[in-house]
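Asker: Next come the chains, spelled out residue by residue.
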Amino acid sequence: MNPKLRHVLSARDFTREFIEGIIASAAVMEKALVEKTVLPNHAGRVISTFFFERSTRTRISFEDAAHLLGAQVIPCENAKESSSVGKGESYEDTFRVLGGYPLDAIICRSDKSNLGELARFSQVPIISAGDGGGEHPTQALLDLYTIWKEIGRLDELCVLLHGDLQSRPVRSLAIALSSFERNMSIFVGPEKLQLEKETMEFFFLSRRMEVRTPFVPPVLDLRLKLWEEVDVVYLTRFQDERKVISPEEYAVARRDFFFSPDKLGKMQKHARVLHPLPKRDDEVDPALTPEFDHRIAWFRQAHNGVPVRMALLHWVFTGEFYNPPLW
Amino acid sequence: MNPKLRHVLSARDFTREFIEGIIASAAVMEKALVEKTVLPNHAGRVISTFFFERSTRTRISFEDAAHLLGAQVIPCENAKESSSVGKGESYEDTFRVLGGYPLDAIICRSDKSNLGELARFSQVPIISAGDGGGEHPTQALLDLYTIWKEIGRLDELCVLLHGDLQSRPVRSLAIALSSFERNMSIFVGPEKLQLEKETMEFFFLSRRMEVRTPFVPPVLDLRLKLWEEVDVVYLTRFQDERKVISPEEYAVARRDFFFSPDKLGKMQKHARVLHPLPKRDDEVDPALTPEFDHRIAWFRQAHNGVPVRMALLHWVFTGEFYNPPLW
Amino acid sequence: MNPKLRHVLSARDFTREFIEGIIASAAVMEKALVEKTVLPNHAGRVISTFFFERSTRTRISFEDAAHLLGAQVIPCENAKESSSVGKGESYEDTFRVLGGYPLDAIICRSDKSNLGELARFSQVPIISAGDGGGEHPTQALLDLYTIWKEIGRLDELCVLLHGDLQSRPVRSLAIALSSFERNMSIFVGPEKLQLEKETMEFFFLSRRMEVRTPFVPPVLDLRLKLWEEVDVVYLTRFQDERKVISPEEYAVARRDFFFSPDKLGKMQKHARVLHPLPKRDDEVDPALTPEFDHRIAWFRQAHNGVPVRMALLHWVFTGEFYNPPLW
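Protein chains in written order, with the numbering used here: chain C, 14 to 340; chain X, 14 to 340; chain F, 14 to 340.
To be clear, the hints were calculated from the coordinates, so they are not data collected in a lab.
Where hints are given, some of them may not hold.
Any copy will do: because identical chains look the same in the list, a pair fits if it lies in one copy or spans two.
Derived lysine-lysine pairs resembling DSS-like cross-links, with alpha carbons at most 30 Å apart [as the list claims (entries may be wrong)]:
| hint | residue 1 | residue 2 |
| --- | --- | --- |
| 1 | Lys205 | Lys100 |
| 2 | Lys162 | Lys100 |
| 3 | Lys100 | Lys125 |
| 4 | Lys49 | Lys17 |
Take the sequences, apply the hints, and build the full model.
Answerer: Below, the structure is given as structure tokens:
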């Protein structure tokens, strides 16, 4: 692989320095957006959003980020159906072709956990926008940016990951958190939807991050004591479409892990509730809005996607952060 | 709602002054397009065309308008399937997220009559590109622009609305016409496809516009006398997909309200036939083209969509018309 | 038809001078892309990629080409489903509307061989991106550019066209080759998938190109002698979706016309294997990559699509080649 190619494929590649650099750049960019001052100008650059699975929210925030930097975008939001993969072409061939066009980055959402392997065939930087049962590294960056903005630090956090623990955002966030110091991740979800052993061992063996998974149902009593202690609750959607458990079990999981105002009520004032969205009304009480309680941070979190992806695109294009770290 | 937000949601919000301002701007823009002279430069602005229902014609004319002004576009032409709504997300959440991104306008086609309600959650101006069984306000603007260009006035018009009267273009055009003086709208269509009572009462009670709905089948004899008197015939497509009547009744309606050369033949020389398109060969005689008879204005009408939407985008971006009214 | 309109609809319209002009322009553009030097600036121009059939590869290379020249793009990759054609609109009406918008070119992929007819209704240049069972003229341009780059000449070539001979790329390439001198095309494919008589007669009667079609199965012995002589082998995908033969016959054809390393082994050192892609593993041995053997040129061929389409767009926009011919 060309060492100059700045692929963004896994949160495991994110050092503390990298994450801080992106966060600092994003903060500068967000300020410039609000104050309508000058932003880096990447006119002449072209990216493609090449999505084997649809994901409007992620695609739009990447495209907005690119346009705000002056870059052009070639959208492809249904690559699986529309590309030659449907005619029997291998993913490898698709990447050999696409990765040889004059492009400055390919933002790729895959339906398989294959982006690391495929990126080897590309002469263009690949940015993962989520891959199969794997990772969603840019979601982790915007989650960390949100925690940093809302709580003020990325060390010494107690983070409760709650719901479908096999989701990409949970995996990538927990990995990214482990690049910082003295964080504790607590995994609370159905027994059959726990994070896989390999990733848990990564935390223990490679990162020395404290991890707890004591809370599988029926543990409602135990769990109740948690809300008072955590800094961050990270809710996730139950991904029925992955069919890991039966429809009936998903319905039970939604009921067991429903997030309601009384749980929020136990939380500390400085704590925040994040959710990668979309959420469903039978997973999260629809009364929980930012107007209802400022600790509900998920829409602010979603909006942070644009400056964070601007910062990341700038880094992929230039190899530099937009500004020296702010702290 | 932020009072500075210039949403465009209903023809009911269009004052005479607003419509005249848009028409004057569109005329200046159209002239600049033809003569390849300077246009307003909105480089740096980004809009999204966010369509819950596909509508290629409307989407392309909005995107062309945006690009001709130098703005960038994030297309999403199949938002229902591709967005998180398919994963159980509420429309409200979709608008809270999208409406918090750094965008200069969201052009939204909805499959429900809900844009007024949803716009409350957006910090970005929402421009309706048609909503459910509701309105299509920008279609009304280009229809009025077409009538103004072709006939020279927007007052004292006799307008025959013909076909499926529950269509959005009919509703929005009739409402927009009622902002001018001494116009008469005549609704000719199947008894089960008449405009709803609430809108008809709006004309009587709020706008003092003269409205006639005497012509339901079998009234072919009566109807024949009409063609000689009208200034504008506004044909519409029978929208089978809405399933208001049975397939057999749609077939009968198409036959009863077929627009043929002999009807055109009775019309005055200055009169014009408009159609929001698409049209079908079993609704309108395919021999009727602009080359066949200059009174066939529907392709010129469609082409007016671009300068009118340029004028509207400019107003949404700046709060100003592009030029003082021409008359 | 407006004589100034530079439609690109058929390889039959390509003179030797035109092809050489495009190739020379593409070479200059490719050099500028690699060296990151100046390219023609078509800021302010807007094109639409209007595809009645999906074709991600072709669409993306056209959009990349447009963006690299500074032009803007309105994508429509699923026009059949999303446009009004689905509501019963005629293709003619679609082209009358689209072809009257302020656009600088419409890149159209059609599912019918109707682009020549439809272009008459457009005031905007139409560039075919493949039409039904007809042609794919821009594929022919990039194929010739590839042959010119890889072999150094476009005259006196022996070209073996191999596989599904009714495919658009085969037809357009053979026609384009006939504009040059002393080329021989050899068609090797299943008896039921031979190029139609009308095109073969065109070669004999209008172009004096030597054409041979002696090789239908079972002729494996004869065919074996070919590989040593040819300059170019042009493989094609068997297009099951066209259903010209039965699924069983397609399976047999794939086996009979499988391209394997031993066939490549017989070829001359300067010879090249092209393929318009996508290819399938049961048509072409997956071991055949450019790393395996430099004569495998199909990925370089695909990548040539961008500079060639840049050269073509520049010509459509301006009527001029970007540079005087290089030779």
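Asker: Going back to the hint list, which numbers does this structure go against?
Answerer: none
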